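S.K.: The chain contents come next:
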Amino acid sequence: MKNNYLLSAKNIDKSFQLDKGKQKVLDDISIDIESHEFVCLIGPSGCGKSTLLRVFSGLMKPDHGSVQLKKGTKLSFVFQSFGLFPWLTVEQNIGFGLKMNGVSKELVDEEVRKRIIQMGLDGFETKHPKELSGGMKQRVGIARALAVDPDILLLDEPFSALDVFTAEKLRHDLLDIWKYSKLTIIMVSHLVDETVELADRVIVLSSKPGRVKKEIEIKSPRPRRTRSEEFFKYVDELSDLVQQK
Amino acid sequence: MRYSSQLHTAKRKSVLKNKKKSSLISFIWIVPILLAMVMAVNFSDLNPASLFGGFCVSLARISIAYIIALILSCVLALVITSNEKVENAILPILDVLQSFPSFALFPIMIASIRSSELIIITVLTLAIIWPILFTIIGGVKNRREDLEEAATIFGAKGYKRLIYFQLPELAPSIVTGSIVGWGEAWEFIIGAELLVKTNLGIGTYLGQLGNAQQNLLLAFGITVLLILLFVINKIIWLPLLDKTTKYQSE
Numbered sequence: 001m002k003n004n005y006l007l008s009a010k011n012i013d014k015s016f017q018l019d020k021g022k023q024k025v026l027d028d029i030s031i032d033i034e035s036h037e038f039v040c041l042i043g044p045s046g047c048g049k050s051t052l053l054r055v056f057s058g059l060m061k062p063d064h065g066s067v068q069l070k071k072g073t074k075l076s077f078v079f080q081s082f083g084l085f086p087w088l089t090v091e092q093n094i095g096f097g098l099k100m101n102g103v104s105k106e107l108v109d110e111e112v113r114k115r116i117i118q119m120g121l122d123g124f125e126t127k128h129p130k131e132l133s134g135g136m137k138q139r140v141g142i143a144r145a146l147a148v149d150p151d152i153l154l155l156d157e158p159f160s161a162l163d164v165f166t167a168e169k170l171r172h173d174l175l176d177i178w179k180y181s182k183l184t185i186i187m188v189s190h191l192v193d194e195t196v197e198l199a200d201r202v203i204v205l206s207s208k209p210g211r212v213k214k215e216i217e218i219k220s221p222r223p224r225r226t227r228s229e230e231f232f233k234y235v236d237e238l239s240d241l242v243q244q245k
Numbered sequence: 001m002r003y004s005s006q007l008h009t010a011k012r013k014s015v016l017k018n019k020k021k022s023s024l025i026s027f028i029w030i031v032p033i034l035l036a037m038v039m040a041v042n043f044s045d046l047n048p049a050s051l052f053g054g055f056c057v058s059l060a061r062i063s064i065a066y067i068i069a070l071i072l073s074c075v076l077a078l079v080i081t082s083n084e085k086v087e088n089a090i091l092p093i094l095d096v097l098q099s100f101p102s103f104a105l106f107p108i109m110i111a112s113i114r115s116s117e118l119i120i121i122t123v124l125t126l127a128i129i130w131p132i133l134f135t136i137i138g139g140v141k142n143r144r145e146d147l148e149e150a151a152t153i154f155g156a157k158g159y160k161r162l163i164y165f166q167l168p169e170l171a172p173s174i175v176t177g178s179i180v181g182w183g184e185a186w187e188f189i190i191g192a193e194l195l196v197k198t199n200l201g202i203g204t205y206l207g208q209l210g211n212a213q214q215n216l217l218l219a220f221g222i223t224v225l226l227i228l229l230f231v232i233n234k235i236i237w238l239p240l241l242d243k244t245t246k247y248q249s250e
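Listed in order, the protein sequences are those of chains L and F.
Anchor point for the first sequence: position 83 equals 83 in the numbering used here, and the numbering is continuous, going up by one each time.
Anchor point for the second sequence: position 37 equals 37 in the numbering used here, and the numbering is continuous, going up by one each time.
Source of the hints: derived by calculation from the structure; they are not laboratory data.
The hints are all genuine.
When the alpha-carbon atoms are kept at most 20 Å apart in a straight line, the in silico EDC-like pairs for lysine to aspartate or glutamate are as follows:
| no. | chain 1 | residue 1 | chain 2 | residue 2 |
| --- | --- | --- | --- | --- |
| 1 | F | 85 | L | 19 |
| 2 | L | 213 | L | 237 |
| 3 | L | 130 | F | 145 |
| 4 | L | 61 | F | 148 |
| 5 | L | 61 | F | 146 |
| 6 | L | 61 | F | 84 |
| 7 | L | 127 | F | 242 |
Every value quoted in this text rests on a predicted model; they were computed, and no experiment measured them.
Please construct the entire structure, taking both the sequences and the accompanying hints into account.
M.R.: Structure follows, in structure tokens:
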């Protein structure tokens with residue numbers, strides 16, 4: 001594994017047993033992720049984007065192939081459906097990972113406080129997920145993921161359950177967090193515009209089974225102007241790739 | 001919309017105050033009923049020592065059986081559902097076993113177990129365990145996949161996963177099953193105490209009143225039992241149900 005690769009996936013195959021037989025979801029996928037990269041995975045519905053993210057995270061084991069992480073690399077995950085524990089308050093949800101890893105209460109409290117301020121959750125500490133809006137829930141989801149101080153943040157369509165304006169605000173916040181940290185981000189998305197706005201590199205997957213169709217580097221400087229000709233060029237190119245059979 | 005910390009703290013205090021107020025109202029409402037009941041028993045021909053003493057002994061028997069059934073149910077439900085093959089093999093057997101009447105085991109138990117306390121507690125455990133077990137299994141089957149994944153990603157393993165994730169996640173099922181099991185236990189204890197012929201117990205005392213054909217006192221005794229069960233429900237089970245289900249759905 002090269003030194004600058006934080007995550008290296010080689011020849012990943014994954015199938016699921018369905019009623020009508022075995023269905024291959026991922027076929028021979030190899031992806032290398034460098035440190036402090038912002039990578040987006042995009043593809044048509046059912047192409048195995050979320051499955052691939054779960055294979056990266058270790059939540060699913062591939063049938064063949066391997067995922068290698070640079071020694072000491074920590075991963076964290078942000079869920080599309082937030083995945084917040086409904087019986088815990090905002091601060092308890094954020095501190096959950098630290099608590100599970102045996103971090104002392106003082107340090108948990110300190111880290112939770114830091115993330116609450118960072119994600120604009122001040123005043124919501126003792127609320128339960130049920131009492132929060134979708135945007136606030138995802139803020140808690142991101143705060144919880146950041147609290148364990150990960151090297152790689154995996155996000156599974158984190159803004160797809162949110163309204164346009166909330167998603168826009170959270171995208172900017174995520175970009176700021178990435179910019180001012182050493183974080184590496186791998187994000188699954190089904191929105192072409194979103195990937196062009198955020199990513200250094202967009203990996204397009206084909207459908208049934210999921211294969212790497214093409215990788216596109218987005219070379220536009222940040223902050224990206226979403227109304228520029230260059231932006232639309234990338235959007236058109238990616239849209240064509242995603243829609244192509 | 002963002003609340004300021006101060007406003008939030010003030011709101012929290014107000015919620016806590018309202019909660020305290022509501023518990024106080026419940027308490028104020030329950031105390032006169034209990035006092036009236038105790039006074040009525042004292043003025044009647046019911047024997048307070050046998051009635052309330054018997055109730056306490058029965059309550060202790062049910063509590064012991066409940067704790068055993070609860071622990072067994074949690075362990076069994078988590079073990080059975082941890083593997084699909086085990087689940088497919090064991091669930092049909094449990095389904096048959098749960099429909100087997102516990103009282104049918106009485107002759108065997110009386111012949112093989114000397115302690116009447118042990119017989120009663122065994123019968124009660126068998127009565128309580130099924131609703132709790134099947135409700136927990138139902139809860140496990142309806143678990144949210146994203147929460148399971150979140151717990152795994154954030155390092156919930158071993159006993160920590162059990163205490164901080166699995167039990168809170170299953171708490172609504174545990175409490176719902178417990179309420180049903182607890183209710184069935186009171187039904188079973190009357191029969192069990194009558195059949196085993198213990199010296200003290202609510203079933204024993206009500207049985208004595210029935211045998212003496214003191215039907216009015218028997219009806220009064222049953223009413224007292226119902227009031228006591230209502231109070232237990234009001235101060236233990238309903239708050240627990242409220243606490244565990246309040247925040248469960250997002």
